Each structure stands twice: as C-alpha cells, then as structure tokens.
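> Given next are the chains, with one letter for each unit.
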Amino acid sequence: MTPRVARLRKETLDTRPWLSAERANLLTEFYRTAPAASVPVTRALAFKYLLEHKTIYIGDEELVVGERGPSPKGTPTYPELCCHTTTDLDVLDSREKISFAVSPETRQAYAERVIPFWQGRSMRDALFAEMSDDWKAAYEAGVFTEFMEQRAPGHTVLGDVIYRKGFLDLQRDIEAALAALDPLSDPEAYDKGQQLRAMHIAADAIIGFARRHAELARSLAAKEADRDRQAELQRIAEICAHVPAYPPRTFHEAIQAYWFVHLGVITELNTWDSFNPGHLDQHLQPFYARDRAAGILAEDQARELLQCLWIKFNNQPAPPKVGVTARESGTYTDFANINNGGLTRTGEDAVCDLTYVILDVIDEMRLLQPSSNIQLSKKNPDRFLKRACEIVRKGWGQPSIFNADLVVEELVRQGKRLEDAREGGTSGCVETGAFGREAYILTGYFNLPKVLELALNDGRDPRTGRQIGIRTGKPGSFESFDAVFAAFTRQLQHLLELKMRASNVIERLYATRMPAPFLSLLVDDCIARGRDYNAGGARYNTTYLMPVGVGTVSDSLSAIKHHVFDDRAVTMGELVGALGADFDGRETLRQMLWHRTPRYGNDDERADAILRDVCGALFGVVDGRPNAKGGQWHVNYLSTTCHVYFGAMTGATPDGRRAGEPVSDGISPVQGTDRGGPTAVLRSAAKMDHARTGGTLLNLKFAPDVLEGQEGIDRLAHLVRAYFKLDGHHVQFNVVTADTLRAAQAEPEKYRDLIVRVAGYSDYFCDLTKALQDEIIARTEHRAL
Amino acid sequence: MTGTIFRVARASVHDGPGLRTTIFLKGCPLRCQWCHSPESQQPRPQLAVHDERCLVCGTCLPGCEHGAIEEEEKGYHTDFGRCRACGACVARCPSGARELVGRVVGVDELLKEIERDVVFFDESGGGVTFSGGEPLMQPAFLEAMLTTCRARGLHTAVDTCGMAEPATFARVAPLADLFLFDVKVIDDRWHRHVTGASNHAILANLRWLCAEHRRVRVRFPLVPGLTDVGGNVERVGQLLASLGVQDLDLLPYHRAGLAKYDRLGFATAPTTLPVPSAADVDRAAQVLRDFGLAVQVGG
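Top to bottom, those sequences are chains A and B.
Going by the working numbering, the first sequence opens with residue 20, and the numbers climb by one from there.
Going by the working numbering, the second sequence opens with residue 181, and the numbers climb by one from there.
Incorrect hints may appear among the rest.
Capping the alpha-carbon separation at 25 Å, the derived lysine to any residue pairs in SDA-like fashion look like this [claimed, not checked]:
no.	chain 1	residue 1	chain 2	residue 2
1	A	Lys706	B	Glu303
2	A	Lys397	B	His335
3	A	Lys706	B	Val188
4	B	Lys292	A	Glu624
5	A	Lys405	B	Glu303
6	B	Lys292	A	Pro617
7	A	Lys706	B	Asp302
8	B	Lys440	A	Thr756
In short, the hints are calculated from the structure, not lab data.
Please read all numbers here as calculations on a predicted model, not as lab measurements.
Work the whole structure out from these sequences, hints included.
In structure tokens:
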C-alpha cells in the first residue's frame, strides 16, 4: 500500500458517516420553481440541477475524484422518495448502530424547508396510500418487507457500454431514436420522445458534472506548490475533461469514467445496491494491457488507481434507513459487489492478469465497501480459486464465491440469450442478473416461519390477535401431516399473492412518477425502446421475491411430521399451545423438538425432502408470474439482516426455536443444528434446485485453525468445486472463532476492525446488533474440517 | 454381513489424503493408558450419559427395564453395570443427554452412507478410512467393506493398531490402498505395561506389511513418561528407518478425550497424564527426522 492509499484509507475508516442536507435543499429549491414539463423531463432537469450545484470535492492526494456528498461519508437524503421527520433525524443521530451525525443546520433545513415541501408528496406517502388494509396488516405483522418504501429500484449492474461509448455517443444514439419516432405508426411516440429527451438531458448533466471537476482540478493545480501533485491535478483535469463525454483511452480514464457514472446513478435516486461495475477485470483488462504495452502504466500504478477507486466506494455509506428498512438491511454497506473471473460472452475463461491484481487489491484494502466476489466457472484455473481462498481464509468475509456456470444456467432458464447470460453475474448479496441489460428488482423479504405460524393459528397472528392470513382450519383439525402442509401452502399462496399484487402496483408508481433517465442511459435497450428503466426499458425485466427462514420452516414442518404424526409424542393442540406460551413450562418438549427433529443441513433426506417441497410450493406460486414491466417474477434466497427482524416478529416455532430469536439466514441450516460437518451441509443445500432460483446464500463458518497451510487452502477449494459440481449457487466462509467473537462482544473497542460475513455481505462485527452478534456466534463451527 | 461402528466422520482430513469419510469400528484389543476414545474399546454398543445436558425431567425413568437409572437428590445415577444398552432411555431422552454409542450396520447400508460424499472424494482425491477401535477386530466385516469400496473405485485406508492374527492381516492388507499403522512402544515389557498387550504380533505385522511394500504411514502417539521415555522415540525411529517407512505422524497426547470416561461409566480416567510441552514435541520430531522420516505433527 502506498503512503497515499494508506492515508486515504485511514481517512475513510476514521470519518463518521454524516447526513448532508445539500441534496435535499437543492432538490427542494428546484421543485419549488420547476418548469411545467413531463415527469421524465422534470426528473432529468432535477438531476441536472443537482449536478450543476452540488459541492465539488477533490481531496488531497486523490487520483480518482468525485463524491456523492460534499465530502467523504457525507450522505445525502432523497426526500422525493422518503421524507425523514425530525424524529427520524434524532434517531439517525443517536442510535447505537449505523448512525449518522446530524448537524443543527441539517435539522434546521429539514424543519424549515425540506419537510414542509415534501411531507405528503414523497413516493413513500404515495406507496402506502395505494396499499390495501390486508397488505398493511401483513406488513405490520412482519410477513414481508417492502424494498421500495424508502429506496428506489436499482438492482442492476453496468455492462461494457461506457468503455465503448462516451455520453456524446449515447446522445447521438438518442437523437437517432428520436428522429425515428413517428406518432402515426407508434401511438406511444410522444411518451418515448419525452423519455429520450430526459435521457439526453441526463447525459448533459453528467458531462457537465465531470467538467466541474476538471475546472476545480485546474484551479487547485494553479495554486499547488508541490510539483508532483500539481502534475497529478493537471492530469485529473485532462481526464475529467475527456470522460465520460468521450470513451476512455487509458486505464486511469476508464476508472474515472466508471466512478462518474456510479455517482450519477446514486445521485439521481437512492437505488438499492447503489450501482456496480460488474466484471471490472474484464472491462479494464484491455486498457490495462494497452497501457502496460505502451509503457505508460506499471502494475503498481494500476494497483494504486484501483485502491483509490475502492476508497471511493467506501466513502459512500448506504443512504440512511429507518423503520423496517433499517431492520431488514442494517448496514452501512451499499452492496456494490465487484465480480472477478467467470466467463466471457463467448464462453471462454475470463480470468486475466488484472483479475489477480484486483484480488491483491481486495486482500490489501480490507474495506467494507465495495463487496467483492469471484465467479468460478469449471473453466477457470485452480490458481484463481486458491488465490481467492487465501483471502477468504483471512476471515473478514470477502470475496464470496459463486458458481459462474450455474449463474448462466439460471439466466438461460429465465429466458435470457446465452451471451447475455454469460455476461451476467452477481450483485448485491447473491442476486443473479444479466449485466448491462436487466432490471432485476428485489421487492422485499418474505417470512416463511411466520406463514407457518399463521397456518397453525387459522390465519390469526398470535402476537397481536389480528387476522392476517386466510382461515385454513384450527390446528386440532389437522389429521395428517399432509393437512398441515396443505394449510401452510394455502396461507403461502395467499400471502405471496398479496405481496406480488402490491408490488405490481408499486412498479407502476415508479414507472409513472419516478423515472430514472440517467440510469436508463446505461442499460440496454432503454434508448432503443424509448422507455425508462423503471418502466420496462431494459431488455430483461425481473422481479424477485426473497423468502427468508427456509431452514427454520423446513425444520418446523419436519418437527410436526416427526413428533406429532410419526411418533405421536405430542398432539397438534398441545404443540400449538406450547408455542403460544413460548414453551413456558414446556422446556422438556422444547428440548425434544430442538434436539430430536430430523433437520435440514445434515444430509438427512427426511428433512431435506421437506425443504424441497417448501421451495417447490414457493416456486409454483411465484415463478413466471407477470410483473408490471413486461417481465416475470422469480425467487431468490437471501436475507441480509432480515432473519433477525423476522425472528423478532415471529413466535416460537415447532423446531424448538423460542419466540423472538432469529430465524435461519439465506439457505443456511438453523444456527447450530448442522452437526454432520461441511460436506453434509453442502449436500443438503444442493438438494434444492438452485437452477430454478435467482441466487441462494449459504454461510459456513470455520475456525481459522482448520484452514492452516496449503492443505487448508486445498480443502476450501475442494469443498467449493464439489459444491458447484452439485450445482450449488454460492458459498461463503466465515473464518473466525466463537471465542474471538465473544471477546469482541465484551470489548468492542479492541475489535473495531473485525469484519465478519453477515449474510450476503460483510460488516464490522461491532456495528451489528447484539442479537445479530449472538446469532453469528451461534452458527456452527465446523471443527471437523 | 453386519459390523458394529460408533461413528461416521465426514469431511475428515487427518486420516489419509483428501476429504474422507472415516468409519470408526467398535472394539479394541489394547487398553492404552492414554486412550482418547474409550468408547471404542468395548465391541458392543454401550450407553453414554452427558450429565451437563440432562434436564432432570424424568422422561427416561419409566423406560429402563433393568433398573439401571436411580433417582438421586440432584438428578439421576446410572448404574452402568446393570445397563444392557437396550436404548429405551435414549429413545425417550428429549435433550440428547443419553446416547447409545455404537450401532450395527450392514455392508450396503454403510456403503450408501459413504457414497454420499463421492463428489467430495473425487474432487479432493479422498476416500474412505476404516479406523476404530481396531477395525481388524471385525475382520470379515472389514474385508467385505473394503472389497465393496474397492469395487466402487473408492480409495481405501485402514487405521490400525496392528494387533491382529497375521493370517487375517495378510487377507485384508491387499484390499487397502493405504495403511495408517500405530507404533507405540518397542520394548515389549513396557508395551505390555502401557497398552495391556504384547507388541510381538504388532511388529510382525508391520514388518510383513513393509516387506510387501504396502503404503504405510506410521502414527506415533507422544505421551510423556509412557511413549516418550527411556529412548523409546529413538528406538521407534531406528525400527521404522530399518523397515523403509518414510512418513510418520507424531501425535502429541491431549486431554480432549477425558470427559468421555465419565460419560461411559468408567471408574477411573487417566486424569494425571501430562501433556507434552512444545519443546517435548520439537525434540521428538527432531529425533525422528534424524532417522530420515518425514514427520508431520498432529497428523
């Protein structure tokens, strides 16, 4: 690490995230005097206004420039989507975890200008106003969450367009599309024209934004006493004058072009999962190779530039979340997830020289953001996998490992062209998408154990006494396991459809009220179709539903089958009574359920078959249903921190879990119940049909001592390759001891740097809630390996 | 054809190459003073009681037809002498405090369990290891398992204390791709003292095995005062060098197995045995390396 990078890294680690009212102020100013124009054009003009007026920041020693806020960790708000109250600001400032400093000026700006203007006008207000009472009841009961209530759809990844074309080129494409419009043959021509004009304005905005950086760099250079820094600033000025208006010519320009585009996307809206460069190694390799051959770039310089980019990612915390959203996704990380390796569009091994440089950067930087992963194809060399395993072994949770061949299979099954599928990969936590061509929107988590709880209570939520589900019979009336399962699947279908029906409405709200003209420039075929990203402009449009607690619900159903109907050790009525009392006075029963239930994660067909049936029922209801963007619904299995929230909302479960405890995460087994070692977990997990998902998340935790030496690396590599042979989608290794984690819990100040894998991402252990910390400690340590 | 096993360890990495499934067969002819798997000694299934898991709920009481569970002031006392290991209390126990160690399995059933991890064997160059106890205590079952595994193309290893009829040994040996062979003490009198049996058959089997050029990896437990005493380490090195053995796992004694003695109803446990220091381990490893052995500590 160069001294420059070390200093910038220290700065990003030491700076506390703070709330900036600048964006909210500018946006309010703009809308107070907004010209009468169509919605897309107005949104584009708002975007342009923001980029013309926001503070431009170039920090000391920086090589890659541009901040979303006025300076690093300055985090803007998006009142047009979610207008925070002054109470929200107090909570954000004072809460123990994931807090943001709120200055008196920001509070004042909110009280005097932002809140009076946006209250009642935000997307959040519009969204809740459209939701049915049934939906609200289920939402409040913790049956599902709603991703769009505070943040905009995003969930997409850049392809290679910005490395081939400048925004001036894109404007020429837009002009051609506009010229081809004829209302006589296309009755949507007016709408398309407005969308295209909006995109044109957004392209102007980003070019202007880069040029403001060029001007600032030039003026800083004029005042700079240090010759070397002066030359750097002059080079920055040249680069910012060139990209992203024109396509990049050098490695440095390519990185800066991406960063401007990234800032554009996350300034336009607070898109979920921010934005993502996707296959960074593949995209940058041609620039790297050319600059190296021309003798204008040393490997060390390339590494330093990448490290400067890494710091930029880490400078942008996820926009502040409150309420349920904060509970389902309690983290500063904003889920940009760099893909490495995998396949080329033509199906060849995509691992290149730069892949290894990027792996070095990941290893050395150890930052929360960006996340990183390797896409491992059977065609990729073991050297690549083992280099990644060396980093994994260090135990801070990156990179995660994905099965590139299965990702292709998933995408092709969903109907994507083969080449587009190969250019796909993983974003966010574990989500599969066709980079540069797909909007794959995550709509919210779905609480499977809660659905079973409702099925066991005739649709009534025992926590509140409210009727949430449909009436599927009193538990005493179930005379067979099949009857229980039938009640479960009826509740499941009802509640899934409640969620999907609402999401299809919400998609239209965004399509009509909150277009994203800048993001639309970056995703094929928005320009060609004259259609916004949020309105189905992308070539592929997927809507994902994310079931949570599949391990808990499978084990719970297994417990009912095994103890109530097979062994007849307890009656249905007795069991439901004990659950209602949270096992008070029934500890013996609870122990039996916990210890003597055939459980998922142990390669035990009795439990694994139930998991398959649960997944099958879900798939049957969700997969292939039409969304509101001309695409389809699919399922993927991840949970971020939502398994803790859902656990808090769910009473005791038949697998012996007490009320309020977390449910299982991703497709991982229930915490601490996988006793057959890692191969048994992997075999169990592989029994669900991953090819019919858009991603699954499996956590395995190892103590570091079991992974020592070259043999330890080999073992990890063998486990991964074997799991992928079984068509597993993803596996993540947590490499820490429970003792270390307990020590960190006791003395957090000594363990601030401790990063652990939470679910599909890593986080600082000390930033996690006590409940989540406990849950991570409880995950089984596979000492056998 | 059935055998009695007490554990199937998947993803095991210390019993031969790659990721392996290790099958622990029950029954051992030796009674080594440092034994860390006392549950392996008896050939038949037996009861283990984990007191720390007991809820004192009384569910087990009516299950015992042999009067082996007695109520005490705080919890229950198990009279292991009366226990017939019928498993009735185990089936009733809600918390897993009562456990039956050992089960009888058929060849096909066990093969199915082993083959679950074939994809991991293939990927890692692993396979199946038969350990114990002493697997050669159940020679017919071992032979049948090895033959079946061989026929399925699985890599096979046998982890043995070496104590078996030479004829039995010669029949089974060709079916294993690798032997993990324990050598403890060279002096026969001392061997009888610390393991309860002579080492004549053991060393004869080792000599025969090495002469037949079967792949042999020797395992030597380092126990201060028992195997690390009076030049024994040197004599082990000398013998192995003369037999052409190349690989040796040096296994420093540890106390992880001590808790098991209580659970199984042993009257006494080797609670006073010292654990070797790092210096002890280094010195022994050096002695053995000086005989040209490739020594791996911990194996």
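> A separate judgement is required for each hint: does it hold in the structure or not?
Each hint, compared with the structure:
1. Of the pairs offered as hints, the one joining Lys706/A and Glu303/B holds, with about 19 Å between alpha carbons and a cut-off of 25 Å not exceeded.
2. Among the hinted pairs, Lys397/A with His335/B is consistent with the structure: their alpha-carbon atoms are about 24 Å apart, no more than 25 Å.
3. For a cut-off of 25 Å, the pair hint linking Lys706/A to Val188/B stands: about 21 Å separates their Cα positions.
4. Only pairs whose Cα atoms come within 25 Å are accepted, and Lys292/B paired with Glu624/A is accepted, the gap being roughly 13 Å.
5. Distance hint between Lys405/A and Glu303/B is fulfilled; the C-alpha atoms sit about 14 Å from each other, no more than 25 Å.
6. For a cut-off of 25 Å, the pair hint linking Lys292/B to Pro617/A stands: about 19 Å separates their Cα positions.
7. Of the pairs offered as hints, the one joining Lys706/A and Asp302/B holds, with about 19 Å between alpha carbons and a cut-off of 25 Å not exceeded.
8. Taken as a hint, the Lys440/B and Thr756/A pair is honoured in the structure, with Cα atoms around 24 Å apart against an allowance of 25 Å.
In summary, this structure violates none of the numbered hints.
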